[in-house]
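Colleague: Sequence:
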Amino acid sequence: MFLFNRGPSISAKELEGKLSERPTIVDIRQKDAFRMGHIPGAQHMTLDKLHRMKVKEEEPVYVVCYSGMNSKQGVQVLESRGIRAYSIKGGMNGWTGPVKGGNV
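Reading the sequence shown from the start, the letters are residues 3 to 106 in this note's numbering.
These are computed hints drawn from the structure, not numbers from a lab.
Hints should not be assumed to be uniformly reliable.
[Unchecked claim] Within a straight-line C-alpha distance of at most 27 angstroms, the following computed DSS-like cross-link-like pairs (lysine-lysine) qualify:
| hint | residue 1 | residue 2 |
| --- | --- | --- |
| 1 | K102 | K33 |
| 2 | K51 | K33 |
| 3 | K91 | K33 |
| 4 | K20 | K56 |
| 5 | K91 | K56 |
| 6 | K102 | K15 |
| 7 | K33 | K15 |
| 8 | K51 | K102 |
| 9 | K56 | K33 |
| 10 | K33 | K20 |
| 11 | K15 | K91 |
| 12 | K102 | K58 |
| 13 | K20 | K102 |
| 14 | K15 | K56 |
| 15 | K51 | K91 |
| 16 | K58 | K15 |
| 17 | K20 | K51 |
| 18 | K56 | K102 |
| 19 | K102 | K91 |
| 20 | K58 | K33 |
| 21 | K58 | K91 |
| 22 | K20 | K91 |
| 23 | K20 | K58 |
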């Protein structure tokens, strides 16, 4: 069951330190939440569409949701396609870095 899968993850602080490298970040929250505020450079894609995401195989993908639970499912979807992916621990609830858009 997805709930108990810890999977690869990274802290919000670690990801914040990588922002200058322009990492691939996918925000799987609802569109309205994304518009209200998201990590700079993040793209919006719903969990059910992740299986179609196009990425460069050599680049990791960082998946963020509200609290870090749904992003674990997203990581599993991407990993099943051979894509290296990481869940953001604590999701946007734990994000203290810069935000583009409104306040989260």
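Colleague: Next, verify each hint and record whether it holds.
Modeller: Structure-based check of all given hints:
1. K102 x K33: Status holds; Cα separation ~14 angstroms.
2. K51 x K33: Holds: K51 and K33 sit about 13 angstroms apart, inside 27 angstroms.
3. K91 x K33: Holds: K91 and K33 sit about 20 angstroms apart, inside 27 angstroms.
4. K20 x K56: Holds. K20 to K56 sits at ~21 angstroms (cutoff 27 angstroms).
5. K91 x K56: holds, 23 angstroms
6. K102 x K15: Distance ~17 angstroms between K102 and K15 Cα, so the pair holds.
7. K33 x K15: Given that 27 angstroms is the threshold and the Cα spacing comes to 24 angstroms, the pair holds.
8. K51 x K102: holds, 23 angstroms
9. K56 x K33: Holds, at roughly 19 angstroms.
10. K33 x K20: The given pair, whose Cα atoms are some 24 angstroms apart, holds under the 27 angstroms limit.
11. K15 x K91: holds, 10 angstroms
12. K102 x K58: Distance ~24 angstroms between K102 and K58 Cα, so the pair holds.
13. K20 x K102: Distance of about 16 angstroms is within 27 angstroms: holds.
14. K15 x K56: holds, 26 angstroms
15. K51 x K91: holds, 21 angstroms
16. K58 x K15: holds, 24 angstroms
17. K20 x K51: The given pair, whose Cα atoms are some 25 angstroms apart, holds under the 27 angstroms limit.
18. K56 x K102: holds, 23 angstroms
19. K102 x K91: holds, 19 angstroms
20. K58 x K33: Holds, at roughly 24 angstroms.
21. K58 x K91: Holds, at about 23 angstroms.
22. K20 x K91: holds, 15 angstroms
23. K20 x K58: holds, 17 angstroms
In summary, this structure violates none of the numbered hints.
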